[in-house]
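Going down the list, the sequences are from chains A and X.
Be aware that the first sequence starts at 50, since it is given in the working numbering, and climbs by one per residue.
Be aware that the second sequence starts at 50, since it is given in the working numbering, and climbs by one per residue.
Hints listed in this document are in silico derivations from the structure and should not be mistaken for laboratory results.
A few of these clues could be false.
Note that the list lumps identical chains together, so a pair holds whenever it fits in one copy or between two copies.
Said to hold, decoys possible - BS3-like, lysine-lysine: derived pairs with alpha carbons at most 27 Å apart:
no.: 1; residue 1: Lys227; residue 2: Lys275
no.: 2; residue 1: Lys268; residue 2: Lys150
no.: 3; residue 1: Lys237; residue 2: Lys150
no.: 4; residue 1: Lys90; residue 2: Lys266
Number of protein chains: 2
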Amino acid sequence: MSEVESFFKSAFSVDNVIFGFDGRSLKVLLIQRGAAPFRGKWALPGDLVYPNEDLDAAAERVLQQLTGLSNVYLEQVKAFGAVDRHPIGRVITIAYYSLIKISNYAVTPASFAQSAQWHEANNVITDLAFDHNDILDTCLQQLKTKARREPIGFELLPPKFTLTELQQLYEAILDQPKGLDKRNFRKKILAMNILVECSEQQAGVAHRPAKLYQFDKEKYEALAAKGLSFDL
Amino acid sequence: MSEVESFFKSAFSVDNVIFGFDGRSLKVLLIQRGAAPFRGKWALPGDLVYPNEDLDAAAERVLQQLTGLSNVYLEQVKAFGAVDRHPIGRVITIAYYSLIKISNYAVTPASFAQSAQWHEANNVITDLAFDHNDILDTCLQQLKTKARREPIGFELLPPKFTLTELQQLYEAILDQPKGLDKRNFRKKILAMNILVECSEQQAGVAHRPAKLYQFDKEKYEALAAKGLSFDL
DNA sequence: ATTATTTCGTGTAGAAATGACAATAAGTAT
DNA sequence: ATACTTATTGTCATTTCTACACGAAATAAT
C-alpha cells in the first residue's frame with residue numbers, strides 16, 4: 050500500500066442535534082441505537098457520509114429520514130476527530146444542529162426502526178454513545194450564543210405565535226435565572242420592526258386571547274443590511 | 050469490497066489560516082504550492098491528517114512546521130466537504146485559524162521548501178488553490194465576529210503594547226469606516242479592568258512615549274466568570 | 001347574568017451607557 | 001529655545017436600559 054493510500058482508510062459521518070420547543074422547554078431528539086457499537090445506548094441521529102455526497106446533504110438526509118422534514122434550519126458546528134472516538138476505525142464526525150417546529154414532527158416514520166424520543170436539552174443523560182455528550186454540549190452552547198444575536202428562534206415556533214410564546218422560547222434557550230421582563234421584552238422585540246401582526250387572534254384559550262405575530266424575514270434582511278443587529 | 054469498506058476510501062486534511070498583525074493591517078500567511086495539484090498556486094498551509102493523529106494536533110503540526118511556533122491561539126472553524134473539492138479523491142478538510150505574534154515568526158524555516166508570504170488579509174488574490182478562498186473568507190469573517198466579543202486580539206500583539214497599538218489592531222480587524230474614537234476606546238477598554246500598566250514606557254520613538262500595558266488573562270477570566278462580557 | 005379566574009397589553013421615571021468633542025503634556029530633533 | 005509629533009485626559013447631551021403595576025378582555029362556574 051502506498052503512503053498516500055494509507056491516508057484513505059478513514060471515514061466520516063455527520064451527527065445532527067435536532068432541537069425542538071414544546072412551549073415549555075427546549076428538547077433534543079435522540080435515538081436508541083439498534084446496532085453495534087453502543088447497541089441500546091441513546092445517541093444523536095447520524096450516519097456515514099456517502100462517498101459522493103456533500104456534507105450538508107448528508108446532514109439533511111439524516112434529518113429527513115428520521116423526521117420526514119426537509120427545508121429546515123440546519124447549521125454545521127464543527128468536526129470531532131479524536132483518534133479513538135469510534136471503536137471500529139478512524140471516523141471523524143461533522144456535527145450539525147437543526148431547529149424544527151416540533152408540531153411538524155409526527156413521530157418516527159415507519160422507515161426508521163430505531164426508537165426516537167425527545168429529551169430535555171438541558172438535562173440529557175450523560176452516557177450517550179461515542180462522544181455524543183461532547184457534541185451535544187457544544188451544539189447547545191452554540192445555539193444559546195447564536196440565538197441571542199440572530200433571529201433563529203423563530204425556526205422553533207409555529208409560523209404564527211404570540212409574544213408570550215416567543216418570550217417563553219427565549220427564556221428556555223438562554224437560561225436566564227429570573228426570566229425576562231415582559232414589558233421590556235415586548236418593547237425590544239417590537240422596536241426591531243421585524244414582526245408583523247396577524248389579523249387573527251389566539252383561539253381556544255380560557256382567557257383574554259393574545260395577538261398573533263409572524264416573523265418577516267425579508268424585512269429583517271433588509272434592515273440587517275442597513276445595520277440593524279438583532280440582540281436579545 | 051464490503052459496503053462498509055467503501056466508506057473508508059476518503060481522507061481528511063486540515064488547513065490553517067494563520068493571521069498576523071504588523072502594526073498597520075491584518076495579514077494572512079500563504080504558501081505557494083510546490084507540488085501537484087495546483088502547483089505554483091497560492092494556498093493555505095495544510096496537510097493530510099495522519100491516521101493516528103487528532104485533528105487539533107494536525108493543525109498544530111502544520112503551524113509548527115511552517116512557522117516554528119507552538120502554543121499559539123488555534124481554533125477550529127468548520128469542515129469543508131464538497132464532493133469535488135479535491136481533484137485526487139474525496140478529501141474533506143477541517144479549517145482552523147491561528148493568531149500569532151508576527152514578530153515571533155522568523156521567516157520560513159529551512160525545513161519547509163515552499164515559499165511562504167504574508168498577504169493582506171482583506172485583499173487576497175481570488176484564485177487560491179482548492180476552495181481556499183472560501184475557507185479564508187469564512188475564517189476571516191469568524192475572526193471579525195469573535196474579536197469583538199472575546200479578548201483574542203491580544204494574541205496578535207506583543208506581550209507589552211500601547212493603547213494606540215491596541216486600537217490600531219482593532220481598527221484593522223473590524224473594518225470600521227471611520228476608525229474608533231480615541232478617548233472612548235481607552236475609556237472602554239480600561240474600564241474592563243483587564244489590562245495592567247507596566248512600569249516601563251515605550252522607547253525609541255521621536256515623541257512623547259506611551260505607557261505600555263499587558264493583558265491580564267487571569268483577571269479577565271475571573272471577571273468573565275462573574276459576568277463581565279468583553280465587547281468592543 | 002354576575003362573579004371569579006386567567007392572561008393580555010401597556011407607560012414612566014431614574015440609572016447607566018454611549019457618542020461627540022479639543023486642549024495640554026511629554027518626549028525627540030533641529 | 002523652538003518645532004514637531006504623539007499621549008493623555010473629562011464633560012455634556014443623548015440614548016438605552018431597567019424596574020415596576022394595573023385595567024382590559026376573554027372564559028368558566030355559579
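Here's how the hints hold up against the structure:
no., hint, verdict
1, Lys227 / Lys275, "between (33 Å within a copy, 17 Å between copies)"
2, Lys268 / Lys150, "within (22 Å within a copy, 42 Å between copies)"
3, Lys237 / Lys150, "within (24 Å within a copy, 41 Å between copies)"
4, Lys90 / Lys266, "neither (39 Å within a copy, 41 Å between copies)"
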